[in-house]
Structure formats: structure tokens, C-alpha cells
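For reference, the chains in residue letters:
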Amino acid sequence: MARALITMPPTAKRGDVVEIRTLIAHPMETGYRPGEDGAIVPRNLIRRFSCHYHDGRDEVLVFSAELFPAVAANPFIAFSTVATASGTLRFSWSGDQGFTQTETVSLVVT
Amino acid sequence: MKRLVSLLLALLVVHALAADARRSGFDDMSPQVQAMQRDDAANPAMLWVKEGEAMWGRDCVRCHGDAATSMRGVAARYPDFDTASQRPITLSQRINQCRATRQHSMPLAAESDALLSLESYVAMQSRGQPIAPSADPRLQPFRERGEQLFRRRIGQLDFSCAQCHDEHAGQHLGGSTIPQAHPTGYPQYRLEWQALASLQRRLRNCMNGVRAEPFAYGAPELTELELYLAARAAGMRLETPAVRP
Amino acid sequence: MMMKRRELIGAAVGLAGAVWVRPAAANADELAAAIAAFAGGVPVRAGRVEFEIAPLVENGNTVPITVRVQSPMNEADHVKVIAIFNQSNPQRDVANFFLGPRAGRATVSTRIRLATSQQLVAVAKMNDGSCWSHSVDVLVTLAACVEP
Chain A
3 MARALITMPP
13 TAKRGDVVEI
23 RTLIAHPMET
33 GYRPGEDGAI
43 VPRNLIRRFS
53 CHYHDGRDEV
63 LVFSAELFPA
73 VAANPFIAFS
83 TVATASGTLR
93 FSWSGDQGFT
103 QTETVSLVVT
Chain B
31 MKRLVSLLLA
41 LLVVHALAAD
51 ARRSGFDDMS
61 PQVQAMQRDD
71 AANPAMLWVK
81 EGEAMWGRDC
91 VRCHGDAATS
101 MRGVAARYPD
111 FDTASQRPIT
121 LSQRINQCRA
131 TRQHSMPLAA
141 ESDALLSLES
151 YVAMQSRGQP
161 IAPSADPRLQ
171 PFRERGEQLF
181 RRRIGQLDFS
191 CAQCHDEHAG
201 QHLGGSTIPQ
211 AHPTGYPQYR
221 LEWQALASLQ
231 RRLRNCMNGV
241 RAEPFAYGAP
251 ELTELELYLA
261 ARAAGMRLET
271 PAVRP
Chain C
2 MMMKRRELIG
12 AAVGLAGAVW
22 VRPAAANADE
32 LAAAIAAFAG
42 GVPVRAGRVE
52 FEIAPLVENG
62 NTVPITVRVQ
72 SPMNEADHVK
82 VIAIFNQSNP
92 QRDVANFFLG
102 PRAGRATVST
112 RIRLATSQQL
122 VAVAKMNDGS
132 CWSHSVDVLV
142 TLAACVEP
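Residue numbers (our numbering), protein chains in the order written: chain A, 3 to 112; chain B, 31 to 275; chain C, 2 to 149.
Honestly, the hints are just simulated from the structure, not real lab data.
Among these hints, one or two may not hold up.
[Claimed, not checked] The calculated label-pair distances, taken between Cβ atoms and stated as ranges, are:
no.: 1; chain 1: B; residue 1: P137; chain 2: C; residue 2: K81; range: 30 to 38 Å
no.: 2; chain 1: B; residue 1: P171; chain 2: A; residue 2: P36; range: 25 to 33 Å
no.: 3; chain 1: A; residue 1: Y34; chain 2: B; residue 2: R33; range: 41 to 49 Å
no.: 4; chain 1: C; residue 1: S136; chain 2: B; residue 2: G158; range: 36 to 44 Å
no.: 5; chain 1: A; residue 1: G37; chain 2: B; residue 2: K32; range: 24 to 32 Å
no.: 6; chain 1: C; residue 1: D138; chain 2: A; residue 2: T104; range: 36 to 44 Å
no.: 7; chain 1: C; residue 1: P44; chain 2: A; residue 2: T112; range: 41 to 49 Å
We put the CB at the ideal spot given by N, CA and C, even for glycine.
Starting from the given sequences, assemble the full structure and let the hints guide the process.
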């Protein structure tokens, strides 16, 4: 399936609080679960999520999260950010077994 | 004969809708999980749908054009009759048949993410449509076999589908409400699976639940059951891609 | 520490596998310790935080939650971290969310796993060092007709 899905408005007025909803495909294997052969399935988690806002001048970390095995598979994270100026938002996930995924989305601020 | 079957199906639908005591599994869910299904930005099934959309653009658009037009109402009438095999065929089987015979490409493995992605994208084009089983009279004997399977006691626990889902729907099994088991949202994201999968996977789960040997994926019995379940749900709205516990 | 393993037997239907559930007393202590460690010695007060979750959960694999903290989210008064803890999963941490004035609103949503019925706590750490929390008790039912 698709790696990630990001839903946010394409435009906003300066100062608006923009709601962002993110989904990423990942099993979030806890490391506590026995597999079919009885052996524990190795832990395989997304550990970190971050959102950087690049407004043409600076790139600022506006939101981040630390995830643990109690986060459900195909992690859903919804948060918000203030529309300061037109630019791009860079969403990054990283975790076990070298997992990384980055998505960038433009935001036009009027 | 075709008129008789059409009449029978129409009567089934009219009777069902007139005093419709039928409930989708959606109605039994908590508001939070209902909200998960309603919101395309939060529904995990959309990860598969998005992939299906990409696959459509690569493999299907040349012949079928815009899916929103060409696939509208298609999933709502499946399983349909397949002239080549003279048997009912499910939507995912039809997709694979198209790939093999018209595109000369490899079929996608049953229950693979690829096949489920394409199937969920196609089926979503019928979202909101009433389930409208094909009136092809050649399906009737298979539908009847499906109904017999639905009423047959199986497994170590010696239960039939009908016992739980007709007679005891709305009551509880463990902590769960027993649903009426209408396939209103397949392929669906089941929280138990933490993945999207087909009606056939769900049927196999149920067979395991009564300690019966489940039919293999693609078995004719599963297609016949799907055919009967669709008729039983005729007129109900399709919600694909649904979320269910 | 001893781990007690309990096999859950569903009424008339087989349920897959075993669930690791620890004695409640040990959990309550560990939960308190995890919250205290996060708060860094600052007393944690109930209030300002709203932990939204279904009181009865159909399936513990995927439970939607939303945490809201009352705060203007400006430079002078904002949430820095929202931490979520549980009582009875194999480990206490669930997720930590790092905010700041750029967030605009102190509202986060995600979906979590619950091994069993238990207490959950959301703790918000503010820029002035104060800590606020909201605890919820959740009943988790187990699915019938699971895969083997």
C-alpha cells in the first residue's frame, strides 16, 4: 500500500491554526508478540516523527513525537501548526531496521 | 427465467427495505471507531486505496478511463456471473482475470496488498450505492448453495452462520456484539487484523472460530457464500472501505 | 519481577494466544514512578488536560485517543510536552508529543494499543515547568472469532 497519507489544507490565512492529519503504513511490531512458530516476533517500531516548517528563510521544528510499542499499527498522528508564511512542511518518520520516510507538502499562506 | 429471478430479487429487496431491521456492522461500533471510518484522512484503509489509485493509473486507465465513472456501481453487483468459467466470480477474481487475459500480465496473489489495494480502490467507487446483486439467472443455483452453506452446522462447536448472525445477532459473544454479518464495507480495515483484507479472510476467521477447517482462499464455497451474503444485504448501502473491530 | 501469564478463554469461541498481564499493585506503582520521572519532581495537578477516549473499547489493538490541553499556546504560556502513560501494558510509555507556540493549539490525536482494561494518564508539561494531568479508566473487550 501507499507509504504515507497526509491531509492538510493547501492554503491558509496568516495566523490560522492549520490541522494536519498523518497516516503511515507500518506494522509497529511490539516485540512482545509470539509468532506462528512460537518465537517472539522481533521488535520493529517507528520511534520518531517530526514536522519541520520551511518558510523560505528558516526551517523550524514545529512538532515531533516519540512513539512506543503501545502506538497502534499504521500510526495516525494528528496535530496542528500556525500558518506563518508560504512554504513547505517536511514530515519525517524514522525507526528500527533503518526505517525512514519523508513527505513534503506545500502550504500557501495569504 | 431471467424475469422470474429479477422479480424474486426485487421482491427480496423491497421486502428487506420495507421493514428494514437490518443493521450494518457500522451501527454497532463506538462513535470513535465510526469517526475513524467516516474520515478519509484518518481511515487506515485509505493507505491501500491510495496505492490502488496509483495502480489504476498505471495498469487500468488506458481501457477503463476514469474509475469514478467506469467503476461506479460495479462492486455493488459483485459477485457476478463469469461466462468463461460458467461460475460466479468475485471482484478480485475478475481483476485478476482481466490482468491475465487482456493484459497478459501476472495475476496478483490472493490477499496480497497489491490486489487488495486495487480492489479497494475499485470498490470505493461504489461507496454510498445500494448493494445491487446481479439479476443474472445463472447465478441462482450458486446463490442457493451459498444459502445452504450459511445454514449448515460446521466445526467442533457445530454452529451454522445462521445461528449466530440470524438468530442471535444483537446479543453478545464474549464482550462483543454479534453483528448481522452484512458485507457492507469490504475490503475493510479490521482493527483485529491491523490491516485491510477481504470478506474471504473474515469468513475464514469465523470458520476458525467454530473450530472448522476453513475453506481455502478462492474456494467455490467462499464465492457462493459471498453471493448469498450479497443477496441477503441487497439494498443496504456500501461503505467500502469500512473500519470494523 | 515475576510475570504472571494468564490464558484467556472466550465463551464458546477460541481466542488466540496469551496476554501478558501483571498484578495491578505493581502496575500502579510503576505508573506513578513513570509520571514522577517525567514531571522531574514537580507536583502533577489534575486539570487543564482532557483525555478523550471511548470508555468501552471494542478492540484493544487500535484505540483512538485525543488529548486537549487548555492553553493559549503563545510564547508566555504554552504546552511543551504531552506524555501518555498506561497502567497494564508491558511497558508504561505510550507516546510523547513535543509542542510549542508554533502549534497553535494543544490538541493531539493518535491511536494506541491496550492489552487489557486499565487506567491511562495524559500529563502536560508547561513552559513554566508546571505539570497537569487527566486520568481515565478504560474497559477493553476482546474480539471473538480471531485468527489462530
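- Take a look at whether the Cβ-Cβ distance between P137 of chain B and K81 of chain C falls inside 30 to 38 Å. Taking Cβ atoms as reference, P137 of chain B and K81 of chain C lie about 53 Å apart, which means the hint is violated.
- Item | Beta-carbon spacing of P44 of chain C to T112 of chain A - inside the hinted bounds 41 to 49 Å or not | Roughly 45 Å apart at Cβ, these two residues keep to the hinted range, so it holds.
- Item | D138 of chain C paired with T104 of chain A, Cβ distance criterion 36 to 44 Å | holds, 39 Å
- Using the C-beta atoms of Y34 of chain A and R33 of chain B, is the stated range 41 to 49 Å upheld? For Y34 of chain A and R33 of chain B the Cβ distance comes to about 60 Å; the hint is violated.
- Is 36 to 44 Å right for how far apart the beta carbons of S136 of chain C and G158 of chain B are? Because 41 Å falls inside the window, the suggested range holds.
- Item | CB-CB spacing for K32 of chain B and G37 of chain A relative to the 24 to 32 Å hint | violated, 51 Å
- Outcome of range test on Cβ distance (P171 of chain B, P36 of chain A; 25 to 33 Å): violated, 45 Å
Hints 1, 2, 3, 5, counting from the list given before, are not met by this structure.
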